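Undergrad: Sequence:
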Amino acid sequence: MDRGLEQLQADFLKSVEEMKAGKAARSMAVVVSPIAKVRNQSGLSQSRFAALMGVSVRTLQK
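Its first residue numbered 0, the sequence shown is counted upward by one per residue in numbering that gives the first Met the number 0.
No lab work stands behind these hints, which were simulated from the structure alone. Model, not experiment: these values are computed from the prediction. The reader is advised that the hints may include incorrect statements.
To be verified - Restraint-style ranges between C-beta atoms, simulated for each label pair:
#	residue 1	residue 2	range
1	V54	V29	46 to 56 Å
2	V29	V56	36 to 46 Å
3	T58	V29	18 to 28 Å
4	V31	G53	51 to 61 Å
5	Q6	L51	49 to 59 Å
6	D10	R47	39 to 49 Å
7	S14	V56	39 to 49 Å
8	T58	M27	19 to 29 Å
9	P33	D10	51 to 61 Å
10	R2	Q40	47 to 57 Å
11	L7	P33	40 to 50 Å
12	E5	R25	20 to 30 Å
13	L43	Q6	48 to 58 Å
Beta carbons are placed, not taken as given, at the ideal position from N, Cα and C, and that holds for glycine.
Construct the complete structure from the given sequences, taking the supplied hints into account.
TA: Pasting the structure below:
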């Protein structure tokens with residue numbers, strides 16, 4: 000078997016064992032802006048929310 004494939008398999012098995020043991024390999028945090036939070040809570044689309052604020056969708060996205 001190819002040495003690279005053997006290493007890939009070994010790394011994969013190690014990762015599965017770590018997941019089963021509850022060890023997190025990495026974590027990720029997503030920061031949501033206050034504007035995005037309010038828009039999501041309102042249930043409005045970006046275009047509708049932008050129109051209510053009197054700005055373009057592109058401005059809202061920035």
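Undergrad: Measuring from beta carbon to beta carbon, are D10 and R47 in 39 to 49 Å?
TA: 47 Å Cβ-Cβ, so the 39 to 49 Å window holds.
Undergrad: How does the Cβ-Cβ distance of E5 and R25 compare with 20 to 30 Å: does it lie in that range?
TA: This hint holds: roughly 24 Å between Cβ atoms.
Undergrad: Using the beta carbons of V31 and G53, state whether their distance is inside 51 to 61 Å or not.
TA: With Cβ atoms ~22 Å apart, the hint is violated.
Undergrad: Per the hint of 48 to 58 Å, is the separation of the Cβ atoms of L43 and Q6 within bounds?
TA: Check passed, 50 Å falls within 48 to 58 Å.
Undergrad: Does the beta carbon distance between V54 and V29 stay inside 46 to 56 Å, or does it fall outside?
TA: Check failed, 23 Å falls outside 46 to 56 Å.
Undergrad: Taking 18 to 28 Å as the stated bounds, is the beta-carbon spacing between T58 and V29 within them?
TA: Holds: the Cβ-Cβ distance is about 22 Å, inside 18 to 28 Å.
Undergrad: I want to verify a distance hint. Is the separation of the beta carbons of P33 and D10 within 51 to 61 Å?
TA: violated (40 Å)
Undergrad: Tell me if the beta carbons of V29 and V56 are separated by a distance inside 36 to 46 Å.
TA: violated (21 Å)
Undergrad: Go ahead and decide if the range 40 to 50 Å is satisfied by the Cβ distance of L7 to P33.
TA: holds (43 Å)
Undergrad: If I claimed the Cβ atoms of S14 and V56 lie 39 to 49 Å apart, would that claim hold in this structure?
TA: holds (40 Å)
Undergrad: 19 to 29 Å was suggested as the range; check whether the CB atoms of T58 and M27 agree with it.
TA: holds (27 Å)
Undergrad: When you take the CB atoms of Q6 and L51, is the distance between them in 49 to 59 Å?
TA: holds (55 Å)
Of the hints listed earlier, those the structure fails to meet are numbers 1, 2, 4 and 9, in rising order.
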